[in-house]
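Participant: What follows is each chain in one-letter form.
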Amino acid sequence: MTDAAIHVAGLTKTFGPVTALDRFDLDVATGEVHGFLGPNGAGKSTTIRILLGLLRRDRGEVVLLGGDPWHDAVALHRRLAYVPGDVHLWPSLTGGEAIDLLGELRGGLDQRRRAELIERFRLDPTKRCSTYSKGNRQKVAIISAFSSRVELYLLDEPTSGLDPLMDTVFQACVRDVTAEGSTVLLSSHILAEVEALGDRITIIRDGRRVESGTLTELRHLTRTSISVATVRPLEGLAALAGLHDVEVEGTHARFEVEPDALGAVQRWLADREVLALTSSPPTLQQLFLRHYGERLTEDEVADVAEAAR
Amino acid sequence: MTTDTLAPPETTLPATAGSSELTGTVRLLRLAARRDRILLPVWVVSLGVLWLASVASIAGLYGSEADRVQYAVTVAPSVIARAFEGPIFGTSLGAILMTETFGMFGVLVAIMSLQAIVRHTRLEEETGRAELVGSAVVGRHAPLTAALLLTFAANLAVGALTVVILLAYDLPVAGSLLAGLLLMGVGWSFAGIAAITAQVSASARGANGLAGSVVGLAYFLRAVGDGLGEVAASGVEVSSAWPSWLSPIGWGQQGRAFAGDRWWVLALFAVLAVATVAVAFALTRHRDVGVGMRPVRPGPAHASAALRSPVGLAWRLQRGSVLGWSVGLVIAAAVFGAIGDEVDAFLETSDELVELFAQLGGSEVLVDLFIVFLMGLLAVAVAAFAVQGVLRLRNEELAGRAEPLLSTAVARTRWMASHLTVVVAGSVGMLLAVGLAAGTAYGLVTGEWGSRFTDWVLAAVVGVAAVWVLAGLVVAAVGLLPRWATAIGWGALGVSLVMGQLGALFELPQWVLNVSPFTHVPAVPAEQLEWLPLLVLLAVAAGLTTIGLVALRRRDLVT
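Just so you know, the sequences run in chain order A and B.
FYI, the numbering for the first sequence is 1 to 309, going by the numbering used here.
FYI, the numbering for the second sequence is 1001 to 1559, going by the numbering used here.
Keep in mind the hints are simulated off the structure, nothing from the lab.
Backbone N, C-alpha and C fix where the C-beta goes; we use that ideal spot for every residue, glycine too.
There may be inaccurate statements among the hints.
[Said to hold, decoys possible] Partial chain B-side listing against chain A, Cβ under 10 Å, derived:
#1 1316
#2 1404
#3 1557
[What the hints assert, rightly or not] Restraint ranges, calculated between C-beta atoms of paired labels, are given here:
#4 18(A) - 1321(B): 58 to 68 Å
#5 1399(B) - 18(A): 43 to 53 Å
#6 67(A) - 1539(B): 11 to 21 Å
#7 58(A) - 1531(B): 45 to 55 Å
#8 1428(B) - 67(A): 36 to 46 Å
#9 1400(B) - 167(A): 18 to 28 Å
#10 208(A) - 1512(B): 33 to 43 Å
#11 67(A) - 1400(B): 23 to 33 Å
[Stated by the list, open to error] With the C-beta cut set under 8 Å, the calculated list includes, among others, these residues of chain A facing chain B:
#12 74
#13 77
#14 82
#15 85
#16 88
#17 102
Model the full assembly from the supplied sequences, consistent with the hints where possible.
Facilitator: Here it is as structure tokens:
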């Protein structure tokens, strides 16, 4: 696995009685954007902290850029940048100072890129970090990270405080660095974000890898939600193959459809003269429900539902 | 979305006023009391213990009327003693007790009160908890009201405990009652003042700092007023000048408990407390949650070259603390140096004092012992800075700010070393400044420079070995027992103070005294300068630091 940016196998980490990671596997190829998905508390941040050498693994194999994240931490950190999900900065420093400090300690940053990113993210670098909102603190970390030209970006829910406009800017940044050949590990609990950027994704739940592959591969496992209104009644819809959770009320219906049945359903609906149709892409929630529906606790369902919006 | 046209006509909620602005106060008060269930009782009990110790020591030192008269005639004409301790109003035991202790207790209850207010208002906002609370059914004034009620209750407890302790020592009933009420009044006043600073400042730190400087100003004003006061014909009474009346701490002393009992002074506290609380409530109405009234100035958009390294960052984070401690220590050292000349006259007022000082070292020369005692005391203060400085590491880790830093190419040892550099250099610098300030002040007052000057400087600087042992202990704690590091650090400092510096006064057995690193610092100039104990202390400090560094390199970051 020489060309892998990250190779994790059988990684286990416990905190007292709690098992955060249980024989977890993760493989990220060099140059790809790898989506790292899972509900809150699944072990995403723990994995990233182990990759950063902030936490020590109990068991398992971890190779990061060909080195050991615990023993070679300093050398590896020159080659990577990290954006935490919850950015904590020094209240008395300004945003600009924090950007420079973190960049400089990483091994230097590109001042032109820094200026450009501050402009694009609309950050006021003269404000004290104590006055920044969560989103603005996140911008500081993001700008500092992307101003450094490194091989690997470890991004832990980097956009959780950004507004949609800034989200777009962030996505452009990720595309810029991958175009230059860098690797990105993007942790998120929002499938849409990963969908927009990711080449491959790994799904983690309860500290274990439950799914890994390209988005197309995984989308086969998901269903599309459709809500439709037609001129003629929708009798007989429930009898079609590949449909689930069908609710029909005269000329209105809501249902979920498997990818393979999508074409047939479309044709069937067309005969009944469609007045309005909304289809929602598969969400992380459904991905989870589909595979683990019975085993998900109510809290987890609520959690995932909220995360998937 | 076309909800605009469908929206119901806007209804104006009836303006809520009066009681509804206080909705939820009781629940918030219970929450605040629960969160402080350890902290405030510890404050109250500690103050009680301090009262017990103070009354016992004063009663022991000035047991006879003759001792007290001699004390009074020494203190009353001394400008420095008046400024440093307080005005004297008579020769009863109670009067001397008030002179000696009320200023200190006033400052302590002020600190307790302002911290409690800021903790339950401004800090709550900063952590975002207030927003959560504010969105629940809670009136606008409820959080501040709850904080004030809790703080008032804590002061009531302090006052009541004070009265009980004073009565237990058979002091007059009226004076005891007044002393407790005066102390409570000081606490209430500063609670009100902190309620205002919590509205004005942009952060909890700022609010604490601003309120803290008001406490400092109050202490300074009364020091000026008492220093400028006039000695009455009796020779044992002082009437303070007007600046004392600008300070709540001054009011407490001018209440003259046990020496005339001016009950009407309590009205001043009542007026101040009501006025400050009213202002704070008015300000609450004009302020958004989380924002201060004093705007934060913009800063540089780029990091200076000096900031772009771990040491640069550590200095930036600690420089305020270094400068603050330095200024306070230098002022204290200069005052000590200046009164060094009066020490003979002062100590002679009590045979017990002479005896106590003699236990500190072998010398017969009182000034030597005085130098040892005071420079040792300031070394403990420098150790407090060192403990605080090393605990920065833990606080940075706890606040999640170590994580982004250690994710860059900064090794953990380098990060630790950066803060330790500030602590090591800061403590040496402070002790040197302390020695120089005390020696210079002594020289200016007495005209004696030469060997006396070196005595002061040396007595201060040898303390660095003990300071570093404590710092090393905290490094080891941060490495090995991060969750307990704060408690261990401050606990060790307290133990060192009681067992080392004050231990001789409490007449503790030698093996207990030996626990404190300060006990092993050579008592220069009362004794010869011996190198062995210093080298042993330095070795212990180095060993503890190494343990801490190695342990931190091997463990998880713990938040």
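Participant: All hints, please: hold or fail.
Facilitator: The hints, checked one at a time:
About 7 Å separates the beta-carbon of residue 1316(B) from the nearest beta-carbon of chain A, less than 10 Å, and the hint is met. Hint status for residue 1404(B): holds, given a least beta-carbon distance of 6 Å to chain A, under 10 Å. The beta carbon of residue 1557(B) is positioned within 10 Å of a beta carbon in chain A (closest approach about 5 Å), and the interface hint is therefore held. Range check, residue 18(A) to residue 1321(B): Cβ separation about 37 Å, and the 58 to 68 Å hint is violated.
With their beta carbons about 23 Å apart, residue 1399(B) and residue 18(A) fall outside the hinted range of 43 to 53 Å. Between residue 67(A) and residue 1539(B) the Cβ separation comes to about 37 Å, which falls outside the hinted range of 11 to 21 Å. In this structure, residue 58(A) and residue 1531(B) meet the distance hint of 45 to 55 Å, their C-beta atoms being roughly 48 Å apart. Taken as a hint, the range 36 to 46 Å holds for the pair residue 1428(B) and residue 67(A), whose Cβ atoms sit roughly 39 Å apart.
Distance hint check for residue 1400(B) and residue 167(A): the Cβ-Cβ separation is about 23 Å, which falls inside the suggested range of 18 to 28 Å. Distance hint check for residue 208(A) and residue 1512(B): the Cβ-Cβ separation is about 55 Å, which falls outside the suggested range of 33 to 43 Å. For residue 67(A) and residue 1400(B), the Cβ-Cβ distance of about 25 Å falls inside the hinted range of 23 to 33 Å, so the restraint holds. Annotation: residue 74(A) was flagged as interfacial toward chain B, and the flag holds, the nearest CB pair being 5 Å apart, inside 8 Å.
Hint status for residue 77(A): holds, given a least beta-carbon distance of 4 Å to chain B, under 8 Å. With a cut of 8 Å, the hint placing residue 82(A) at the interface with chain B holds, because the nearest CB-to-CB distance is about 4 Å. Because the closest C-beta pair between residue 85(A) and chain B is about 10 Å apart, greater than 8 Å, the hint is violated. With a least beta-carbon distance of about 4 Å to chain B, the hint placing residue 88(A) at the interface is held under the 8 Å criterion.
For the restraint placing residue 102(A) at the interface with chain B, the shortest Cβ-Cβ distance is roughly 6 Å, inside the 8 Å limit, so the hint holds.
This entry does not satisfy hints 4, 5, 6, 10 and 15, going by the numbered hints stated previously.
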